[in-house]
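Given the coordinates of chain B, assemble chain Y onto it according to the supplied hints.
First to last, the protein sequences are chains B and Y.
Residues in the first sequence are numbered from 3 upward in steps of one, following the working numbering.
Residues in the second sequence are numbered from 3 upward in steps of one, following the working numbering.
FYI, nobody ran anything at the bench for these hints, they're computed from the structure.
Among these hints, one or two may not hold up.
Since copy identity is lost for identical chains, a pair holds within one copy or between any two.
Straight-line Cα separation of at most 27 Å, DSSO-like style, residue types lysine-lysine; simulated pairs [unchecked claim]:
hint, residue 1, residue 2
1, LYS285, LYS318
2, LYS5, LYS158
3, LYS318, LYS45
4, LYS309, LYS139
5, LYS318, LYS183
6, LYS18, LYS45
7, LYS101, LYS183
8, LYS18, LYS101
9, LYS5, LYS35
10, LYS285, LYS5
11, LYS158, LYS18
Here are the chains, one letter per residue:
There are 2 protein chains.
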Amino acid sequence: MAKHFAERLLSAIEEKETPVCVGLDPIYTQLPKQVREIAAHSKSGLPEHAAAINEFCQIVIDIVAPHVPVVKLQMAYFELCGPAGLEAYYRVADYAREKGLLVIGDIKRADIGSTSEALASAFLDEAYFSDGKGGEKAASVDAVTVNPFFGTDGVKPFIEKAQANGQGVFVVVRSSNPSAKEIQDLADADGRRVFEHLAMLCNTWANFPGCVGESGYSLVGAVVGATYPREAELLRQVMPNSFFLVPGYGAQGATADDCAAAFHSDGWGAIVNSSRGIIYAWKKPGFEQYTEENWEEAVEAATLAMKVDISQALAKKVGAAT
Amino acid sequence: MAKHFAERLLSAIEEKETPVCVGLDPIYTQLPKQVREIAAHSKSGLPEHAAAINEFCQIVIDIVAPHVPVVKLQMAYFELCGPAGLEAYYRVADYAREKGLLVIGDIKRADIGSTSEALASAFLDEAYFSDGKGGEKAASVDAVTVNPFFGTDGVKPFIEKAQANGQGVFVVVRSSNPSAKEIQDLADADGRRVFEHLAMLCNTWANFPGCVGESGYSLVGAVVGATYPREAELLRQVMPNSFFLVPGYGAQGATADDCAAAFHSDGWGAIVNSSRGIIYAWKKPGFEQYTEENWEEAVEAATLAMKVDISQALAKKVGAAT
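Chain B with its partners taken away, still in its complex shape (with noise of 0.2 Å):
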């Protein structure tokens, strides 16, 4: 049986000295254009979109697997390009784990019980996929997000499997965005709001029999968006096994100190994730000095960058806490 997934996840963390998850959103018509050209002649056996993406994809984890843990495919951009853009993100989450990276599959599902079982093993279980050579290969990811709206019986089915496969979960808690607030912030007659009611629902879930590993953490962790820090901190009170998962660094709005509030004080139990501030980092403000040309250059020095940035944030929150 495979390592459990919480040590996995610390591991590759100390051995990359950093928190920091690397989004992979690609996205065809935000790619460099030489990027979109080497594609269009390329000989993946894909359609040109879905070799964009794939090409895209692979050089940026050939930059950032030195310096991260972990990648976070999401899978709705890949899904963009039709059953090619999953073969894509096949062949991506299959090369980001021959380089060393962790893997989580963005994928956000659930459904009544029976159908959760079914997408539990199509996103946990391996799947073949061509290697572009005119063969097969099987891969899978190491963890993937889900939606809690269909309660335990359309959770569970991840649980287990993931579990069975030595993979984690990542429950969507709290989400970035703005209109997050319409369902999740509604409050019972206590004050106490869905997001809390689901945060204790998470934790029953992440300490269900065998889930909690031995370093204290559950195969079952939250997501939990850092545009809500005070939020943030409070779950994480809730959900003392549960490594977070925090969305929302950079582009969304939210800062290292932000995320910070997803750690417990010892610095542990968070991974932060970007996306577009890293791999389009060429397009943001800050960072003029790079241009389409040299892209590769900037999703480095973003990834070093925001290393840095969660870093000092964490020094300084564990400072505080000692």
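Relative to chain B, chain Y alone:
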């Protein structure tokens, strides 16, 4: 521009004289062995499991197309076959539309706004898939299901895309599974539950400018589980302009009378889905005269029986109201 989705749905229901929707949940291990054998030797260009579910769904479509207005494809079971399964999803959708059926893609997706834009385009715009003869074809569906957890940001991109394309969206307001209540039943200080808040939100979305067609129905519908008929009646009042997609009939325990609660008193405004009770009818109690050998006859008999059952329940409801 394509005709309004609700008008197309109304015409199709009128033509087939039933609001029955057949759910395609193709599970390889559940398929009749002769279908699996045909698939093993097919020239579909798909791997065996994907070829089998493609074959199975097309046979079911041939059987039910004369009898029902709409089919629902549960994407999870297609995804269970990997990238080739997604090819099968588009082939089946395309085949069903060629046979005059409306097609709902049961994807239950949503994410933060920018990602939902990608999802809406991925699953409502035409996607290219291989036609199995060395060529490419484009296909799309008539409507998709959407998960409401992210609020307006997550749903709006689907509505806008559907509006531009003449398609529909069904927002999951009340799911039919046992643990639905864990989140969806949480009540505020006034006793109003999450799913009631959601229904009010959904009604707002349904009345976005240009969403309500000449018929009075919106392109924004709602998924309302029939396993909670009292609530379906309540929700019917809160979302007068929304077509309801009603899961739960048969295999999940809801009766035709339970389903009738989701309709207006004129007997219109909802479609009732059955998946396993129809496509695997030869295995169910009361259908012992059918076997794996004549499973197609069982599919037709179950479809016709469900039509009668729903029709009687609606006649009773309309009779009681007049």
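Here is how each hint holds up against the structure:
In this assembly of identical chains, LYS285 and LYS318 lie within 27 Å of each other by CA distance neither inside one copy nor across copies; the values are 30 Å within and 63 Å between. In this assembly of identical chains, LYS5 and LYS158 lie within 27 Å of each other by CA distance solely inside one copy; the values are 20 Å within and 41 Å between copies. Neither within a single protomer nor between protomers do LYS318 and LYS45 lie at most 27 Å apart by alpha-carbon distance, with minima of 49 Å and 63 Å respectively. When the C-alpha separation of LYS309 and LYS139 is checked against a cutoff of 27 Å, the pair qualifies neither within a copy, at 34 Å, nor between copies, at 45 Å.
Proximity of LYS318 and LYS183 under a CA criterion of 27 Å is satisfied in neither setting, with 30 Å inside one chain copy and 42 Å between copies. For the homomeric pair LYS18 and LYS45, neither the shortest alpha-carbon distance inside one copy (33 Å) nor that between copies (49 Å) is at most 27 Å. Taking the closest pair of Cα atoms, LYS101 and LYS183 never come within 27 Å of each other, the shortest separation being 38 Å inside a single copy and 43 Å across copies. Within a single copy, LYS18 and LYS101 get their C-alpha atoms as close as 13 Å, which meets the 27 Å cut-off; across copies the closest is 56 Å, which misses it.
For a Cα distance limit of 27 Å, the shortest separation of LYS5 from LYS35 qualifies neither inside one copy, at 41 Å, nor across copies, at 38 Å. Proximity of LYS285 to LYS5 under the C-alpha cut-off of 27 Å is found in neither arrangement, the shortest distances being 39 Å within a copy and 41 Å between copies. Taking the shortest alpha-carbon separations for LYS158 and LYS18, neither the intra-copy value of 31 Å nor the inter-copy value of 39 Å comes in at or below 27 Å.
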